[in-house]
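The lines below spell out each chain.
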Amino acid sequence: MDLSGPLDFELEDPFLASPAIDKKKRKKVIGLDDLLADHYSEQEKLVQKKFQQEKARKVVDSDDDDDGSKAIQAIVEKCQNEIQSISGEEETSVWGVQVFGNQKVSPPLDFPELGNCKLMQSFLNNKLNSMLELTEIEGGTFFEGLLKNGWLLKLAFMCGHVEKPIATWAFNLMLYSSEEDLRTSSCDFLCSILSSTYEVNKRPVKIDWLPDYHELRRALEIYGFLFNFSTNSDPIHNDSDFGGPPQNIRAWIQFVTTCCQIRNKHSIFSTTEAEELVEIIICLFLDRQLQGLLVLMCDCMQSVVSYFTGTEWSSSCESIAKFISSRVSIDINSLRTVECISGLDTRTKQLRSAIAYQILLVCFDNKVAGGDEIMRSLISINLKDKSCDLFKMYIYLVLTENWLLSNQMLEDKPVIKEMFGLYLRNCSCQISSTDLRTYSAKIRVKASYLLQFALYK
Amino acid sequence: MERNPNSGKWSRGGIEENILAILDAFETRDTQDANDDRIAFLEAVRAASVGEEHSTRPTCKIFKAVFRILKVGKSIELIVASYKLLIELEKRFPRVYLSNSDKSESSNNPLELVVVNEAWSPFLFTSEHATSDKKAADIHLSGPLDSSSFLALIQCLAEVTDRGSFQALDVKSLANMLLFQYLVNFLEGDFLPRCATTSWNLQRESLLNMLLGYRKIYKGLMQDCLIVICNLCELHTGLRNHLRSIENSGPMLSKKYQPVAIALLEVGKNTCVSMQKFLMMIMELDILKRKADMEGYTTRADGVRTPLVEIILDELTYSKDTLSPFLQVFNEPKWKLEIIVQYFWKYITKTSVRTRKSNEYCDNATFAGVLKRFSNSTSTKTIIKKIGSEVVQLLLAHGFLAQLSLLSEGHPAEGISSPKEGSNSDLVDLCRNIISAFDSLITADKNVEILSVGKEAVFTAATFISY
Numbered sequence: 001m002d003l004s005g006p007l008d009f010e011l012e013d014p015f016l017a018s019p020a021i022d023k024k025k026r027k028k029v030i031g032l033d034d035l036l037a038d039h040y041s042e043q044e045k046l047v048q049k050k051f052q053q054e055k056a057r058k059v060v061d062s063d064d065d066d067d068g069s070k071a072i073q074a075i076v077e078k079c080q081n082e083i084q085s086i087s088g089e090e091e092t093s094v095w096g097v098q099v100f101g102n103q104k105v106s107p108p109l110d111f112p113e114l115g116n117c118k119l120m121q122s123f124l125n126n127k128l129n130s131m132l133e134l135t136e137i138e139g140g141t142f143f144e145g146l147l148k149n150g151w152l153l154k155l156a157f158m159c160g161h162v163e164k165p166i167a168t169w170a171f172n173l174m175l176y177s178s179e180e181d182l183r184t185s186s187c188d189f190l191c192s193i194l195s196s197t198y199e200v201n202k203r204p205v206k207i208d209w210l211p212d213y214h215e216l217r218r219a220l221e222i223y224g225f226l227f228n229f230s231t232n233s234d235p236i237h238n239d240s241d242f243g244g245p246p247q248n249i250r251a252w253i254q255f256v257t258t259c260c261q262i263r264n265k266h267s268i269f270s271t272t273e274a275e276e277l278v279e280i281i282i283c284l285f286l287d288r289q290l291q292g293l294l295v296l297m298c299d300c301m302q303s304v305v306s307y308f309t310g311t312e313w314s315s316s317c318e319s320i321a322k323f324i325s326s327r328v329s330i331d332i333n334s335l336r337t338v339e340c341i342s343g344l345d346t347r348t349k350q351l352r353s354a355i356a357y358q359i360l361l362v363c364f365d366n367k368v369a370g371g372d373e374i375m376r377s378l379i380s381i382n383l384k385d386k387s388c389d390l391f392k393m394y395i396y397l398v399l400t401e402n403w404l405l406s407n408q409m410l411e412d413k414p415v416i417k418e419m420f421g422l423y424l425r426n427c428s429c430q431i432s433s434t435d436l437r438t439y440s441a442k443i444r445v446k447a448s449y450l451l452q453f454a455l456y457k
Numbered sequence: 001m002e003r004n005p006n007s008g009k010w011s012r013g014g015i016e017e018n019i020l021a022i023l024d025a026f027e028t029r030d031t032q033d034a035n036d037d038r039i040a041f042l043e044a045v046r047a048a049s050v051g052e053e054h055s056t057r058p059t060c061k062i063f064k065a066v067f068r069i070l071k072v073g074k075s076i077e078l079i080v081a082s083y084k085l086l087i088e089l090e091k092r093f094p095r096v097y098l099s100n101s102d103k104s105e106s107s108n109n110p111l112e113l114v115v116v117n118e119a120w121s122p123f124l125f126t127s128e129h130a131t132s133d134k135k136a137a138d139i140h141l142s143g144p145l146d147s148s149s150f151l152a153l154i155q156c157l158a159e160v161t162d163r164g165s166f167q168a169l170d171v172k173s174l175a176n177m178l179l180f181q182y183l184v185n186f187l188e189g190d191f192l193p194r195c196a197t198t199s200w201n202l203q204r205e206s207l208l209n210m211l212l213g214y215r216k217i218y219k220g221l222m223q224d225c226l227i228v229i230c231n232l233c234e235l236h237t238g239l240r241n242h243l244r245s246i247e248n249s250g251p252m253l254s255k256k257y258q259p260v261a262i263a264l265l266e267v268g269k270n271t272c273v274s275m276q277k278f279l280m281m282i283m284e285l286d287i288l289k290r291k292a293d294m295e296g297y298t299t300r301a302d303g304v305r306t307p308l309v310e311i312i313l314d315e316l317t318y319s320k321d322t323l324s325p326f327l328q329v330f331n332e333p334k335w336k337l338e339i340i341v342q343y344f345w346k347y348i349t350k351t352s353v354r355t356r357k358s359n360e361y362c363d364n365a366t367f368a369g370v371l372k373r374f375s376n377s378t379s380t381k382t383i384i385k386k387i388g389s390e391v392v393q394l395l396l397a398h399g400f401l402a403q404l405s406l407l408s409e410g411h412p413a414e415g416i417s418s419p420k421e422g423s424n425s426d427l428v429d430l431c432r433n434i435i436s437a438f439d440s441l442i443t444a445d446k447n448v449e450i451l452s453v454g455k456e457a458v459f460t461a462a463t464f465i466s467y
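Residue numbers (full-length UniProt numbering), protein chains in the order written: chain A, 1 to 457; chain B, 1 to 467.
Don't read these hints as lab results, they were simulated from the structure.
Where a beta carbon is used, it is the ideal one built from N, C-alpha and C, also for glycine.
Careful, some of the hints might be misleading.
[As the list claims (entries may be wrong)] Simulated crosslink set (SDA-like; lysine to any residue; CA at most 25 Å straight-line):
| # | chain 1 | residue 1 | chain 2 | residue 2 |
| --- | --- | --- | --- | --- |
| 1 | B | Lys269 | A | Gly145 |
| 2 | B | Lys91 | B | Tyr182 |
| 3 | B | Lys91 | A | Phe453 |
| 4 | B | Lys216 | B | Leu124 |
| 5 | A | Lys127 | B | Ser375 |
| 6 | A | Lys118 | B | Lys172 |
| 7 | A | Lys417 | B | Ser55 |
| 8 | B | Lys219 | B | Ala261 |
| 9 | A | Lys118 | B | Asn424 |
| 10 | B | Lys172 | A | Gly96 |
| 11 | A | Lys154 | B | Lys84 |
| 12 | B | Lys74 | A | Leu294 |
| 13 | A | Lys104 | B | Leu407 |
| 14 | B | Lys84 | A | Ser306 |
| 15 | A | Lys104 | B | Ala261 |
| 16 | A | Lys417 | B | Glu43 |
| 17 | A | Lys148 | B | Trp335 |
| 18 | B | Lys269 | B | Asn424 |
| 19 | B | Lys172 | A | Cys298 |
[Said to hold, decoys possible] A short list of chain A residues far from chain B (calculated; beta carbon distances all over 10 Å):
| # | residue |
| --- | --- |
| 20 | Gly101 |
| 21 | Glu113 |
| 22 | Thr135 |
| 23 | Gly140 |
| 24 | Ser319 |
| 25 | Gly370 |
| 26 | Glu373 |
| 27 | Arg376 |
| 28 | Ile379 |
| 29 | Lys386 |
| 30 | Glu411 |
| 31 | Pro414 |
| 32 | Glu418 |
| 33 | Gln430 |
| 34 | Thr434 |
If we strip away everything but chain A, and leave its shape as in the complex, we get (with noise of 0.2 Å):
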């Protein structure tokens, strides 16, 4: 195999090499020239393209023909997108909603306390301080050291006590710090303490102070976030401040997510902090710049979704469901809030189909009384109509299968169940192929699957 030669992801689809268009040529009429330059520019590419998969792998056998027919396909295609914004037809739009704004100003992190901590004094103390000369004036420092290469958490097993100036302490670097290293090993140390099962003398590790809710609030406050957000505002393109949480957020919601997992041994949050803490977790989803945390993110919901008690869960589901309704409004945000929520096992299953449900109500402005009324409404809409608004309803769809798909209620209701098969059936039959508006396609494509595979399995 040849060894210089690029890697296999590297060599790049020249399909999906094909230039998006951009705005400004969109709005320009497309003369039959500009496409047949475009056409050979591509061509070019193509062939230059192949030539150096064909130089880096020997083994190449797909043949010209078919390269040439995917070709004049990607041409074809272009020209479609072409005549399509020709059309006039409104771009799709992106999810995401401004949810931090001005970070405030963090309290200050140096720690007097620290040095009159047991820990601290005993070994002063100690004959041994003789061959490190250590004075309570660097031990601020020295603890820093102690806490980024992990001694702190050997200390507090081997001791089986965490001391309340050095748990406060290693709590507020791990939510103001600016320091990667501190506020990654002040998470680290917390978490492991709290969640750790390890016991001196048959006794679990003491920690002399644990956070409230407050505290992770005020938190979430000075990196920004807007409690009383709403979708409805468009602050998107409001660039002139900088808002953006900082890195901390990372350690905070690892941090929520550790709390959440050990209530049988210390129950940080009440039932209302923790519906609050589901419902700033899916404002979280909402913000396109922590898009990449989402695995933790994911984990975190999952977490506190598992920390109501059987009993708290039913209501609690929904007026999570109720107060996030109220807040978002009927656009690609409240897709994405539902399908935030994994949805893998019952109880994130019930808070997506709740959630959905709660939007499908504002949708109707709150006017329909029921599942069966609100399926009804859905039925009488006439997609073939033009004046229909297909983004709209491409929204109504995506809710409507992840109310009635993420629960049980389908096999327990068939009349439901059979209006949720006609209104698919309208959805992929109303809609004719030669309709070029943008969620056209996409509401005949879902509603098909949806038919096939999840109404009659």
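Place chain B on chain A using the hints.
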């Protein structure tokens, strides 16, 4: 063995076509619209596979499409979502697993290894390559990796995370890191069940062994892995400097990079963990191979491969700059201690004639044995002369840390006997020995400056003794 993993509704009910249809119509474009469809596709696969109670493994085509999104995806949303789905799929439908062939309750029967050969894999090694079907023609797009493309991936990671020429702040780097994490996850899923079997024939066929089987690149690959793990330890410094230079060229620009910056540190941290897992698996494989070798199960076809511990030791002694970051980042206690003890042993043992086979590995070397060498100042002086006092401190402190972890996890210290009876007395002994080691370090060299990590070690030891 599972005969037909694709049986069931995936192919029969036309679900595969229908799900792929969400993707197909737009596959060639790279607009927001097309990205939305890719997300919808991932969501549909997820709902039909891991979201369903009685679902079966998706077809290879589906796997390929998801994998391709991870490889060529150009938005954070897409690569993170496809990565997550791939991990979930592997967890739900493992390609290799142990199963109790005898359905009755008697648990005496050894578990049997099941390999779903038809299942999709992100790896394809050359020997299989020739026999595999012609469909591998589209290999360069969503196709599987082999040893050399894996090497290229690692080299790429090493390059972009370099502190001097930091360029990891883009979606492609994130995707590469996630790809690496997924591949390690997949290798692990294949390797761990095989480890439990005790049959070298099965272990030999592990993807990991095949990946490393290409002798030409093995050593280079391992060296690059070490570079990556040390670079990742410093990732935040590189990122901070890089962001600063961006900020100077305008706040608008830095806003654009914010999502990648937030994701990068998180993904980097996890990549570091994955890299550790990868190295540890290789070291375990080395042990399995050595054992098979001694028991006579290996054949000439198995070839010779330098054990990873040796490569690491060579790197650490050769370039002293890597020692500190490596010890800081590599925190799995068992192997960390092993490396540290071997490092000392290289210098402590009398330089007798080393035969290649017998001395590659010192089985009786323990940390307690190392500490004994520091009990008087003459032998301490010799060691300092050979290794240098800074390196000695680093090794002692980190060795102490690793030994503490092992003791507190309930492993009795090797060399300090007394199982069960009192791990506490083990701890106290250990702490005493550490203090006396540092003590003789100071007596041996009056001008020695104790590193902060050394001070921390003494502090910890002293605090525990007086507690």
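Consistency of the hints with the structure:
no., hint, result
1, B:Lys269 x A:Gly145, "holds (19 Å)"
2, B:Lys91 x B:Tyr182, "holds (11 Å)"
3, B:Lys91 x A:Phe453, "holds (23 Å)"
4, B:Lys216 x B:Leu124, "holds (18 Å)"
5, A:Lys127 x B:Ser375, "holds (20 Å)"
6, A:Lys118 x B:Lys172, "violated (49 Å)"
7, A:Lys417 x B:Ser55, "holds (21 Å)"
8, B:Lys219 x B:Ala261, "violated (32 Å)"
9, A:Lys118 x B:Asn424, "holds (21 Å)"
10, B:Lys172 x A:Gly96, "holds (22 Å)"
11, A:Lys154 x B:Lys84, "violated (33 Å)"
12, B:Lys74 x A:Leu294, "holds (16 Å)"
13, A:Lys104 x B:Leu407, "violated (44 Å)"
14, B:Lys84 x A:Ser306, "holds (20 Å)"
15, A:Lys104 x B:Ala261, "holds (20 Å)"
16, A:Lys417 x B:Glu43, "holds (22 Å)"
17, A:Lys148 x B:Trp335, "holds (20 Å)"
18, B:Lys269 x B:Asn424, "violated (33 Å)"
19, B:Lys172 x A:Cys298, "holds (23 Å)"
20, Gly101, "holds (13 Å)"
21, Glu113, "holds (18 Å)"
22, Thr135, "holds (12 Å)"
23, Gly140, "holds (13 Å)"
24, Ser319, "holds (25 Å)"
25, Gly370, "holds (25 Å)"
26, Glu373, "holds (26 Å)"
27, Arg376, "holds (26 Å)"
28, Ile379, "holds (23 Å)"
29, Lys386, "holds (21 Å)"
30, Glu411, "holds (13 Å)"
31, Pro414, "holds (21 Å)"
32, Glu418, "holds (21 Å)"
33, Gln430, "holds (18 Å)"
34, Thr434, "holds (14 Å)"
Of the hints listed earlier, those the structure fails to meet are numbers 6, 8, 11, 13, 18, in rising order.
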